[in-house]
Amino acid sequence: MMPDLGKYAFAVLASYGASLGLLMAVVALSVWQGRRVKRQLAEIEARAGERADG
Amino acid sequence: MSIWEYANPKKFMQTSAGVLPFVWGLAAACLGVGLVWGFFLTPDDFRQGSTVKIIYLHVPAAMMAINAWVMMLVTSLIWLVRRHHVSALAAKAAAPVGLTFTVIALVTGAFWGQPMWGTWWAWDPRLTSFLILTLFYLGYIALWQAVENPDTAADLTAVLCLVGSVFALLSRYAVLFWNQGLHQGASLSLDKEENVADVFWFPLLVCIAGFVLLFVALVLMRTRTEIRARRMAALLARERLA
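Chains A and B, in that order, are what the protein sequence lines are.
Just add 606 to wherever you are in the first sequence, counting from 1, and you've got our numbering.
Just add 1 to wherever you are in the second sequence, counting from 1, and you've got our numbering.
Extracted from the complex, chain B is given alone in its bound form:
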């Protein structure tokens, strides 16, 4: 069995139909447990007070804002190299979901920043790179809408995705590149000294799992919609010719 079997739309539709209910269920369970645990059952931080509860939304959303772009990069490269339509449609399907996570990261960051830094916004490296990432998401979605021929749209958006990947990486490592912003370093680290305390870490892990699963569920569902829309366009074109 090869992974390329799933490049066949029929095979993808069959497999995703079976997998989707489980992914939705797991996503709902992880998000429910993680957010209730984080919001109701964790203590306040000794410095940040109750605002530490924002971590359960802000960190998973920011992680997925970047990881969604990485997924789009991989699927765009598959399209450019192997010309599998499902791959290009999966990238298209992921963009609005990635944009939503990026906006959540920015909004929760602003709500968190106001009481901690005394400002809603600062031209900090990480904040600014996330704003640019948002603009890349919007440009990517707009480009898909603007080009009528789907294969040309897939080619152009794949190239835009390659360029945007630089900013996605920049967003991830901005704190390390320029050590002059307000934003703190990574909240999650394999180094126990740098990592957040266990009492926050475990519910955060559950929330991250929930966001990843929600992303997978949404992308699978939206890719199925894109495949159907593509078939619909082909049938309509055939109707016009008949």
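So here's chain A without its partners, still in its complex pose:
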């Protein structure tokens, strides 16, 4: 159940909203960058492997 935040509701909710938004953004960005680099590296390693075989 939502607590009664009284006249400070905006300050409290805005703090939680902004903070959780920023935390989620840095996590999402880090995961996205990690996956992108992992995929690109796999492609380059596969190319390098093909050259070594051929």
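Check each hint, because a few of them may be wrong.
As the list claims (entries may be wrong) - No more than 25 Å apart at the CA atoms, straight line, and that leaves these computed lysine to any residue pairs for SDA-like:
1. B:Lys11 / B:Leu78
2. B:Lys11 / A:Ser636
3. B:Lys11 / B:Leu81
4. A:Lys644 / B:Phe23
As the list claims (entries may be wrong) - Facing chain A, from chain B, some residues (calculated, C-beta under 7 Å):
5. Lys12
6. Val37
7. Arg48
8. Ser51
9. Ile55
10. Thr101
11. Ile105
12. Thr109
13. Trp118
14. Met222
15. Thr226
16. Ala230
17. Arg231
18. Met233
19. Ala234
20. Ala235
Source of the hints: derived by calculation from the structure; they are not laboratory data.
Where is the CB? At the ideal position from N, CA and C, for every residue including glycine.
Given the structure of chain A, go ahead and fit chain B onto it with the hints provided.
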């Protein structure tokens, strides 16, 4: 076994892959429990009303904004002294996370300050030193991007990190240096008389643990990305030469 084993990228990748799921899980659990406990199950403060609930975000974020810089200082010194690449990449990986915590501390501080002090911002020693710390984080990240040679970038950013550490320490102790600002003293103290009441203290501890674990998880994951990116650059360079 020596800690320097983890300076080997392969060893670091193996170990961090095993550790990461547990760190993510613990971070999510601590943050979930701490924030729900703090937001829904703690009373209002007799002076600050419901704004005291901001403490569960503001204090851990401010602590980690400074501690992230300390971690970057240690890893930068390891790079300068021992030339371990993983160490320099860990410092690089930590900067955006530290910047995020610094911005959270500033934003929540503004939302908290407006109803309590009647202003969003004041040129108070602690607020100002945190603003300067933000600029140091931005400069540090920009310097990594601006220098093409990774070893030169690591050298220059390590020196910048040494200088920025002064401001990180200044941010921590600004209240003590200049006793003239709006910002209160430390919320956490070993002295029971100065510390916040237990009803706020325990959920705050859980939130701090959550922020520390989230920082560790993000830095490990981002360092893994940096190691892969470095290997990718080496392979691309080899392709161009072939």
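Against the structure, the hints:
1. With a CA separation close to 22 Å, the supplied pair Lys11 (chain B) and Leu78 (chain B) stays within the 25 Å bound.
2. Between the alpha carbons of Lys11 (chain B) and Ser636 (chain A) the distance comes to roughly 21 Å, so the proposed pair stays at or under 25 Å and holds.
3. Restraint check: the Cα-Cα separation between Lys11 (chain B) and Leu81 (chain B) comes to about 21 Å, which is no more than 25 Å; the hinted pair holds.
4. A hinted pair counts as satisfied when its Cα atoms are at most 25 Å apart, and Lys644 (chain A) with Phe23 (chain B) qualifies at roughly 21 Å.
5. Taking 7 Å as the C-beta cut-off, the interface hint given for Lys12 (chain B) is violated, the closest approach to chain A being about 18 Å.
6. Because the beta carbon of Val37 (chain B) sits about 11 Å from the nearest beta carbon in chain A, more than 7 Å, this interface hint is broken.
7. Interface restraint check for Arg48 (chain B): the shortest CB-CB distance to chain A comes to about 12 Å, outside 7 Å, so the restraint is violated.
8. With a cut of 7 Å, the hint placing Ser51 (chain B) at the interface with chain A holds, because the nearest CB-to-CB distance is about 4 Å.
9. For Ile55 (chain B), the interface hint holds, since its Cβ comes within 7 Å of a Cβ in chain A; the closest pair sits about 5 Å apart.
10. At its closest, the beta carbon of Thr101 (chain B) sits 4 Å from a beta carbon of chain A; the interface hint therefore holds under the 7 Å criterion.
11. Residue-level restraint check for Ile105 (chain B) holds (minimum Cβ-Cβ distance to chain A is 5 Å; threshold 7 Å).
12. At about 4 Å, the closest approach between the beta carbon of Thr109 (chain B) and any beta carbon in chain A falls short of 7 Å, and the interface hint on this residue holds.
13. For Trp118 (chain B), the interface hint is violated, the least distance from its beta-carbon to any beta-carbon of chain A being 12 Å, above 7 Å.
14. Because the closest C-beta pair between Met222 (chain B) and chain A is about 6 Å apart, less than 7 Å, the hint holds.
15. Given the 7 Å rule on beta carbons, the hint for Thr226 (chain B) holds: about 4 Å separates it from the nearest Cβ of chain A.
16. At about 5 Å, the closest approach between the beta carbon of Ala230 (chain B) and any beta carbon in chain A falls short of 7 Å, and the interface hint on this residue holds.
17. Given the 7 Å rule on beta carbons, the hint for Arg231 (chain B) is violated: about 10 Å separates it from the nearest Cβ of chain A.
18. Annotation: interface hint on Met233 (chain B) holds; nearest CB of chain A at approximately 5 Å, less than 7 Å.
19. For Ala234 (chain B), the interface hint is violated, the least distance from its beta-carbon to any beta-carbon of chain A being 10 Å, above 7 Å.
20. Taken as an interface hint, Ala235 (chain B) does not check out: its beta carbon lies about 10 Å from the nearest beta carbon of chain A, beyond 7 Å.
Hint check: violations occur at hints 5, 6, 7, 13, 17, 19 and 20; the rest are consistent with the structure.
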